[in-house]
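Heads up: the sequence lines are chains A and B, in that order. When we follow numbering that gives the first Met the number 0, the leftmost residue of the first sequence carries the number 0, and every step to the right adds one. When we follow numbering that gives the first Met the number 0, the leftmost residue of the second sequence carries the number 0, and every step to the right adds one.
Since the hints were derived computationally from the structure, they do not count as laboratory data. Relax, there's no trap hidden among the hints.
In the DSBU-like style, the derived pairs of lysine-lysine whose C-alpha atoms are separated by at most 35 Å in a straight line are:
1) A:59 to A:25
2) B:216 to A:59
3) B:332 to B:216
4) B:216 to A:64
5) A:211 to A:193
6) B:171 to A:216
Some chain B residues near chain A, calculated using beta-carbon distances under 10 Å:
7) 0
8) 94
9) 121
Glycine residues also receive a C-beta, built at the ideal position from the N, C-alpha and C atoms.
2 protein chains.
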Amino acid sequence: MGRYFNLAVPVAIINGATICGPVEGKGPLSNYFDTVIEDNSLGQASWEKAERQLMETVSKNVLEKSNVRPEAVDIFLAGDLLNQIITSTFTARTMQIPFLGLYGACSTFAEGLAVAALLLQNQDISLCLTATSSHNSTSERQYRYPTEYGVQLPPTAQFTVTGAGATLVTNKSSASQIYITAVTIGRIVDLGIKNPYEMGAAMAPAAKDTIKTHLEKDSGGLSSYDAIYTGDLGEVGKAIVIEMLQQEDINIEHIYDDCGTMIYDLDQQNVNSGGSGCACSALVTLGLILHQLRTKQARKVLVVSTGALLSPTSYQQKETIPGIAHAICIERKEGSE
Amino acid sequence: MGRYFNLAVPVAIINGATICGPVEGKGPLSNYFDTVIEDNSLGQASWEKAERQLMETVSKNVLEKSNVRPEAVDIFLAGDLLNQIITSTFTARTMQIPFLGLYGACSTFAEGLAVAALLLQNQDISLCLTATSSHNSTSERQYRYPTEYGVQLPPTAQFTVTGAGATLVTNKSSASQIYITAVTIGRIVDLGIKNPYEMGAAMAPAAKDTIKTHLEKDSGGLSSYDAIYTGDLGEVGKAIVIEMLQQEDINIEHIYDDCGTMIYDLDQQNVNSGGSGCACSALVTLGLILHQLRTKQARKVLVVSTGALLSPTSYQQKETIPGIAHAICIERKEGSE
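Isolated chain A (complex conformation) (with noise of 0.2 Å):
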């Protein structure tokens, strides 16, 4: 099981900064994003290129709206899906940041604030940026065809979200009301899972396993949440965690939903299961999520970002799908306005 981590240091979310595509600007949360681009491509020559330009505009935005220059952050985490995560690094490279790489397929999002949370445990650290993205376009022709080819998916495959999110991070606890208190670093689950199109099924068991350790952990427990959120699941994966916590008699389906359902419209736009990809639980945590907390709506909520551990080279030479999740639990301070 995976490991829980009660913060002795509470960690301020400063703020976060969004941005996503023209599908996910069509669906229901679009409100809730910084910036809608119109163009998938934001002008750029390659597909790489544009998704580089959202990570860059979110970790730029992000200390914009927080008052931060560069210069004043210790450390910069950052992850994406894209071979050697050259999203990152070359983000890296403009944000002259000290920098962490990262990779944790689609639980990047929770992967990094989970790590910057532990780093700032330390006192010699006051400040992490975590950033991740992911772009449809780029995500298709790596791991299956280029989306020029037009092939037709299956009912259970998911539609990579294009977008990218960025997060600051403190451990001077008047920086904000909306704060990590606790995280669980998730161990890998396998059950056998090999189709890259049922990454949702391949994702469930390892998304249970992380609930199920948190919830435990959790002096609190399940009641104390008003709300627990996988990362992108889908419609498919979201069925398997929530019957496969029912058989261990824990009950989430009232208080729990998905970031690959939520940021679709399943019914109206064509996404197959729903959305995936680091940017899914990026967009839909920093967007309504803490939105959902400022204005009271929540108190306490678990994010729960999933990741398939699988590449081109590992399906194609048959193997399963190793799926891994991370947990943060994001409170509203008490008493705070």
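Add chain B to chain A, keeping to what the hints say.
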């Protein structure tokens, strides 16, 4: 510039474990490695499965050497060169330890130990396992051409080390005589090199930046070090880093060497400018350097693993190669036998 951390709690290196391929086994450091394999394929059906076996072997071996069960380890931090770091994720599946995936190209060895050392400042965490690997045949075919093609390489090219290293570290002070006492997290430095056969030149400016930062912030300064090692600059990058530091009036030449030039006999073995890959600095550090510290041939050394953060996509799109370097200062405890 990078960010230097003097560790309030020194982090003990309980043990390292190493395994290397047949070419490294014919090199001058062969006797310092735990295991030398005779067949690069390890009898596996693919090079990728062989690389995974290398990392799994050292991860298990370092725990066995230390008489530690996997369940006792708080966090496993690993990264490698393969797309989506599949060597690390499949090893994490085997180890069943809560997992953080890292990517820093060939700097991943120091990145893993630096992150572990910073996490271990948190008293809720007491044991971390780090691992990294590289394999000549997986790297060559992923980044350049399959080795089976027999492509001729220019003299500035480097030879990817086949091997893996794992390290078990703790904040329990009685566990060892050897400690990580300070780390520097590097920033990206990119002076515009575009040629993937000139990675030494691409990474040298980052190594210079991190070494300069570390030596300026370390109160002992350059004179307190017995040795400084870069990860895998090769002969070309080694000459550049010496010259760049001389221009800043920092003369390290008398105590400096590069793991990439040490691991092979450059005159006799056909490796061009020297070794590269995540395993290069891992093998030399966990093999030779730990031995030198234990046997009092050295008291304080700086290991600066260097990474070239390119991808085949990025250089085909005419991008330059961002370099990064992370440093770990390793000391033998004063007064220890």
